[in-house]
Structure formats: C-alpha cells, structure tokens
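According to the working numbering, the residues represented by the sequence shown are 1 to 95, in order.
Some hints here could point you the wrong way.
Unchecked claim - Restraint-style ranges between C-beta atoms, simulated for each label pair:
#1 Phe64 - Arg90: 22 to 30 Å
#2 Ala70 - Asn3: 28 to 36 Å
#3 Val73 - Ser4: 28 to 36 Å
#4 Asp6 - Glu62: 38 to 46 Å
#5 Gly29 - Ala70: 31 to 39 Å
The hints are simulated quantities; they were obtained by calculation from the structure and are not laboratory data. Where is the CB? At the ideal position from N, CA and C, for every residue including glycine.
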Amino acid sequence: MANSNDAVAEIERLTRENAELSGLALATGVILTQLLQRICARELNPQAAAGRIMTQAREAIEGFAATSDADPVMKARALAAVNQYEEQIRNALIV
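Between the sequences and the hints, there should be enough to build the whole structure, so can you do that?
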C-alpha cells in the first residue's frame, strides 16, 4: 500500500511540476515573440529579418541536436516551436 501512495504522490508532484514548467514556457514564448516582433519591426525589411532570425534558430537547433544526445522528440518540438513563433511574428509584421 505504501508503494501505491508513494506513486500517487509522485504523480501529483510531477503533474504540478509539469504545469509550472508549461506556464514558464508559455510566458517565455510570449515574451520572446513580443521582443522579436519589436526588433523585426524596426528593420527596413521586417519579414526578411524574421526569416533570418528563424533560419539561424533552426540551424542552432540542428547543430545542438547533432553534437549532443538530444532526444529526437525534443528536437522535433523545438523546430515546431520555431515555426510557431515565426508564424506569430510574421502575422504581426507589415508586409
């Protein structure tokens, strides 16, 4: 019975920790998106600036994954996040 109670407590702890990390990731993403939108908006060609930033981000993720024991799921999610941020940033910029 103790193992069952320990398992339930551990699951609850991990659930709380996951929720906290999700909130942190959300706040970080929103702040980064806002900052990048402002930086790109100041450029002569905001869309091109956003493209350069996102290309460099993708290259950095690929490089990190190639030189470490990065989990393929982590790499895939990171690349998907770059696409998500790029879409959000580009939608807020003038064409």
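Hint check results:
Separation of Phe64 from Arg90 is about 24 Å and conforms to the stated range, judged on CB atoms against 22 to 30 Å. Between Ala70 and Asn3 the C-beta distance comes to about 33 Å, which sits within the given range of 28 to 36 Å. For Val73 and Ser4, the hinted distance range of 28 to 36 Å is satisfied, since their beta carbons lie about 29 Å from each other. For Asp6 and Glu62, the hinted distance range of 38 to 46 Å is satisfied, since their beta carbons lie about 41 Å from each other.
Against the hinted window of 31 to 39 Å, the Cβ-Cβ separation of Gly29 and Ala70 comes to about 20 Å, which falls outside the hint.
Comparing the model with each earlier hint shows a violation of hint 5 alone; every other hint is respected.
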